[in-house]
Amino acid sequence: MEKTQTRLLLAEDDRNLGNILKNYLEAKGYATTLCINGQEATETFTKKEFDFCILDIMMPVKDGFTVASEIRATNKKIPILFLTAKTLQQDKLKGFEIGADDYITKPFSMEELLLRIQAILRRTEESGKINSSGNIYNIGNYFFDYNRQTLTIQGKEQKLTSKEAGLLRLLCAHGNDVLDRSTALREIWNDDSYFNARSMDVYIVKLRKYLKGDPRVELINVHGVGFKLVMNE
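Sequential numbering from 359 applies to the sequence shown in this note's numbering.
Be a bit skeptical, because a hint or two may be false.
[Claimed, not checked] With a Cα cut of at most 27 Å, we get these calculated BS3-like pairs of lysine-lysine: (1) K420 with K564; (2) K567 with K517; (3) K567 with K450; (4) K464 with K380; (5) K444 with K434; (6) K450 with K434; (7) K386 with K435; (8) K514 with K570; (9) K567 with K586; (10) K435 with K450; (11) K452 with K570; (12) K450 with K517; (13) K564 with K517; (14) K452 with K464; (15) K435 with K517; (16) K450 with K564.
Treat the hints as calculated values from the structure; they're not laboratory data.
Here the structure is a predicted model, which means the values were calculated and not measured.
Let the sequences and hints guide you as you build the complete structure.
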């Protein structure tokens with residue numbers, strides 16, 4: 359059976375760059391739909407099915423942050439990669455906070471973009487192949503289903519992004535032991551750079567917020583070492 363092409367939504371307001379990227383990605387086997395502004399990207403996403411989103415941040419009508427937020431409101435799992443000319447850390451952290459899987463700063467090489475797409479898709483595909491019997495956890499009154507990327511308490515379900523789910527699973531796997539920061543960074547982000555460490559801190563804050571429904575559950579910072587997920591009796 360022929361393998362189905364990965365369907366990419368590409369939102370880039372620079373028509374020349376957009377067409378270059380579209381042609382390159384299609385030559386590499388990706389079915390790519392190009393949108394030239396944020397509004398068109400949002401409307402196209404609601405009408406067609408996609409496997410991956412590439413969003414420029416600075417776009418007319420709606421910027422990439424807005425488009426990503428609207429996509430995440432309906433689909434927590436689809437990978438999102440930002441194209442950005444911005445180098446400010448707070449802008450990049452905002453992207454990760456929205457739920458982006460990665461970003462790439464302009465100017466970039468086509469090969470680097472392709473490698474980043476492949477790495478994100480590989481992580482997504484590998485997480486979907488894990489046997490569900492080993493990926494269901496009870497955390498106090500919470501029920502965490504890693505494969506479905508959901509955290510449920512008293513019938514209320516919270517959808518998680520792939521990074522949130524991966525990080526929470528690592529915390530669960532370590533039980534009452536400390537999860538070392540560098541271990542988490544290598545497992546989830548593939549390297550332990552300073553910027554990725556800042557990004558991980560954002561995700562820890564989000565997980566702590568999700569777990570507030572059970573006062574016995576604590577996600578503790580172990581200064582200079584890492585994090586520990588504990589349940590107090």
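Do the hints match the structure? See the list:
1. Taking the CA atoms of K420 and K564, the gap is about 25 Å. The hint holds against a cut of 27 Å.
2. Taking the CA atoms of K567 and K517, the gap is near 13 Å; set against the 27 Å cutoff, the hint holds.
3. The hinted pair formed by K567 and K450 meets the criterion: a straight-line CA distance of about 21 Å does not exceed 27 Å.
4. For the hint linking K464 to K380, the alpha-carbon distance of about 16 Å falls within 27 Å, and the restraint holds.
5. With a C-alpha separation of about 25 Å, the suggested pair K444 and K434 falls inside the 27 Å cut-off, and the hint holds.
6. Proposed proximity of K450 and K434 is supported: the alpha carbons are some 19 Å apart, at most 27 Å.
7. Using a Cα cut-off of 27 Å, the hinted pair K386 and K435 holds, with the two alpha carbons roughly 23 Å apart.
8. Distance check on the hinted pair: K514 and K570 sit about 13 Å apart at the alpha-carbon level, within 27 Å; holds.
9. A distance of roughly 15 Å separates the Cα atoms of K567 and K586; the hinted pair therefore holds under the 27 Å criterion.
10. For the proposed pair K435 and K450, the alpha carbon gap of about 19 Å is at most 27 Å, so the pair holds.
11. Note on K452 and K570: the hinted pairing holds, with a Cα-Cα distance of about 22 Å set against a maximum of 27 Å.
12. Between K450 and K517 the CA atoms are separated by roughly 22 Å; this keeps the pair inside 27 Å, and the hint holds.
13. A hinted pair counts as satisfied when its Cα atoms are at most 27 Å apart, and K564 with K517 qualifies at roughly 12 Å.
14. A hinted pair counts as satisfied when its Cα atoms are at most 27 Å apart, and K452 with K464 qualifies at roughly 18 Å.
15. At most 27 Å may separate the alpha-carbon atoms for a hinted pair to count; K435 and K517 meet this at roughly 9 Å.
16. Restraint check for K450 and K564: the C-alpha separation of about 16 Å stays at or below 27 Å, so the hint holds.
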